[in-house]
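**Student:** For the protein sequence lines, the chains are A and G, in the order given.
Going from the first sequence to my numbering is simple: count from 1 and add 6.
Going from the second sequence to my numbering is simple: count from 1 and add 6.
Quick caveat, the hints were computed from the structure, so don't treat them as lab data.
Heads up, some of the hints might be wrong.
Each pair may be met inside one copy or between any two copies, as identical chains are not told apart.
[Stated by the list, open to error] In silico DSSO-like pairs for lysine-lysine, Cα to Cα no more than 30 Å straight-line: (1) Lys361 x Lys156; (2) Lys366 x Lys385; (3) Lys530 x Lys335; (4) Lys516 x Lys219; (5) Lys311 x Lys530.
Quick caveat, the model's predicted, so the values are computed rather than measured.
Number of protein chains: 2
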Amino acid sequence: MAVENRPVRFAMAQIDTFVGDIAGNCEKVVKACKKAKANDADIVVFPEMTLTGYPIDDLVFKNSFRYQASDATRQLASALKDNGLGDLYVFVGSLGLGSLEAQEGKIWYATDHNRLFILHEGEILDTYDKHFLPTYGVFDELRLFAPGDKAVTVELFGKKFGVAICEDIWREGGTVGDLRGDGIDLLVSMNGSPYNEGKMKTRYGLAVEKGTKLGCPLMYVNQVGGQDDLVFDGGSFVMDGEGNLLAQARQFAEDMVFWDLGAAPSKDGEGDVNVCRTLGSLDEQVYSNSVLGLKDYGLKNGFDKAIVGLSGGIDSALCAEMAADAFGKENVTCIFMPSPCTSERSEEDAREFAKALGCKFEEIPISSFISAFDSLGLKDGAEENLHSRIRGMILMSYSNQHGGLVINCANKSELATGYFTMYGDSVGAYSPICDIYKSRVYKIAAYKNTKGGCISQSMLSKAPSAELHPGQKDCDVLPDYETLDAILYAYIEENKGRAEMLAAGFDRAKVDQVIGLVDKAEWKRRQCPVGPKVSLRALKHDRQIPITQHFFE
Amino acid sequence: MAVENRPVRFAMAQIDTFVGDIAGNCEKVVKACKKAKANDADIVVFPEMTLTGYPIDDLVFKNSFRYQASDATRQLASALKDNGLGDLYVFVGSLGLGSLEAQEGKIWYATDHNRLFILHEGEILDTYDKHFLPTYGVFDELRLFAPGDKAVTVELFGKKFGVAICEDIWREGGTVGDLRGDGIDLLVSMNGSPYNEGKMKTRYGLAVEKGTKLGCPLMYVNQVGGQDDLVFDGGSFVMDGEGNLLAQARQFAEDMVFWDLGAAPSKDGEGDVNVCRTLGSLDEQVYSNSVLGLKDYGLKNGFDKAIVGLSGGIDSALCAEMAADAFGKENVTCIFMPSPCTSERSEEDAREFAKALGCKFEEIPISSFISAFDSLGLKDGAEENLHSRIRGMILMSYSNQHGGLVINCANKSELATGYFTMYGDSVGAYSPICDIYKSRVYKIAAYKNTKGGCISQSMLSKAPSAELHPGQKDCDVLPDYETLDAILYAYIEENKGRAEMLAAGFDRAKVDQVIGLVDKAEWKRRQCPVGPKVSLRALKHDRQIPITQHFFE
């Protein structure tokens, strides 16, 4: 079908897919295509691995799953046609079957492909296989896929389009490099790109780089949603080589933005065509990332309610705010569990906060439970851990009795240093702040307060304490959080060794203390997974190391 | 130095290395070389990645670690010479540095090598880089290393030796294939090969295959010891292409076996030269594998004592036997925690077992602790989980107060089906039986009884029960274990889908029940890691999947 006297209209279908739910993902595609068609779109572009969800990890080695994924592509093409959507050109991602033989008996290399399919009139019009397979950080694609090595262009409506999948545009050369001189009008990339702070800017940079080299804009369609340990932020866009933003979809929410090839952009609030939605501040992005990750973790694991153990401190309060935004405040129960070590200020802060948030509130003092264990004669750390474990047990009991996901409230500084009790405050499957350092927690809380949050000045200003013995403060055993977090950042995010950190001017004693804590805590962290594997990215694949020495010197 | 009028003597130095402890591993190498020299060895061969330990995972991306590993090779060569061991030819494994640039900034492919070094007279005489990089199951080497592509032979003492690293001999072709026609006298392979049942037979098969093709024996030197989730069984050997075993080291223990090239084998009990040690039965191997994994998990994480929650059932009894063999019975404390739901028979069985085992024994009834939580009004599953969590809390409290590693006692059938309480019986960092199905647990227990074990006939014969409510039996909610384990084996070990299982004759309702349990329990398992990641190997890299449907059809 030719498009007469009007530009080619693209729909960027930024949907939240679900790993393993092939039927459900196909339904989402059909639904999105109906909307696209109703808005006169010609071409609909979905995120990477649309039908299987992403990332599928070792599901790729399960034959029953592979065949289902492969069959689904043809079935979807038929379903689109049956629904009167056959005239659309639909770009979806799925598994491209490689050799069956390699998957049987001794598997030692991957043969399947991470594939883009173009569906049209009930058929598969063309395919493209991802060339660059990321295998670092959270990615393991060399394990799972064989690389494609053919650049692909398609000509539709008198225009020529190049295609790419995610990592293909992050590297020099490869199949995208081969498009140089092909005179394409647009490079269409489908992506499964997880969020980290400032990532949109990096992506824009790729658009400028590729746009300059290929002489055309880049269409970047990204997955959105949480999947286990990852959060994909969406934020699909079109940008040309001069850095002009031609269209921009929302971050952290499903969205469909239409873009007419060659037309001028419009502003947010002026509809969905050629629109450039306004992105939030970095603080807002980090907050939204946590809420989306938590919401989808619940959704995809069968929870629509949440339980938060409220201590009166800032971490659990921020997590409660996030839970309220993820599940609705009426679906959040805050449980305050004071002990004789709990200060009056914490008690007031917790009650006032829960009241202001408007969630359900339960107060369950734990003194009698603690006393019940007097016969064990526990002392010092063992007794303190008992307090923490009694609270964990109450939260889990409440969850078992009434339903709801127990939210873990550990921040990244605590996780890194092992400043938590195994099976105590470490209960709960997901911490929405586990990738946020303590000093950043304050900033994110302050941001939330500008958007109706109710974290009190008292919570924001008091000295952090686990309140497991009277008068306890975190800084009794840890460096102050600004210093601690700076060292942690160098060690974990920047992957620096001891010598590099000392050369950077950090205090020797503090560096040794922090390295010692992080290395030693690796054992505890492995036992108490509380969410994003990326939370301690540098350590993600670390094995146990000798805890008596600092070998990163 | 020439060897006059006698064969070339090899020492197979089967040592237990420690990931990250480069200095400690180097010390072990020097010590082993002293022994080799004292026994007139000419050539000493160590396991794969000797100096770094194996597997090192993402430590390969930490520059401070890389440089230390790289420097260590030269330092070791000097140290050997300084210790009067310079005339030995020492084959050790370590990291071979690739490009620094690729490791800085954006890392997207690995450039370092998994390298074999031949040290002699204070120098590095030659090196070989592993060609085939396993990236399936528990291995991720394409992530970590660049492949080498040059076959290497060395001529020493008038003989010619080919070299290989582990996976190189498991595949067709590659650098080992290139040795064909080179007229080598021996293929020397250093390995880091984890145990699974029957693996020695498979390795012997490789020796016959390569020996036939290359016309020479294979020397297979394997790592021994537990490292986090893996257990390496050692069992180093020399075998020729006709399948004649020329030398065989112990499994599941450090060992040094000498082999004179061209000499006839001798029998176990006749010294360490050309000796063929007798291997245990498969049941013995599985048992020993568990003990070694547990012992090294403790050793490498700083524990030399163990705590076992004894229920009176067979799982905890077998784990206590294993703990006694790993740490010594005087270092094992069994804690029996009866509730009103505990049967008299369990009480008798637990007491008698602990007495027979000769470990420390504590009885801590939990009725009063349960009553203390009456105010929570818990019912049904929530109440049952409370019992389990109180026991978990007591075990952890005991560990915090007195030291010692809490042993998790979950078997593979329970883990697969999610038949455990989060933060209850799932506490404890390591279950020595987590890769053993329940029906196999009985066989391993019976085996142990033939070697002085004291698991009573009553424990072996009674119906399995969690005893969380009166009269409860596992078979109330699960298929009988023989049936359950057969379905689990097909689904997990054989990676079969639902249709394949039905075609194999399994009952439809039971298959659906079991698939449903396994898929749904993935969420729980992720929260409660209790040891070997390989325990549910097929699911190792699975992401969360829709728990409302069985998509493996």
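**Student:** Broken hints, numbered, in rising order?
**Tutor:** 1 and 4
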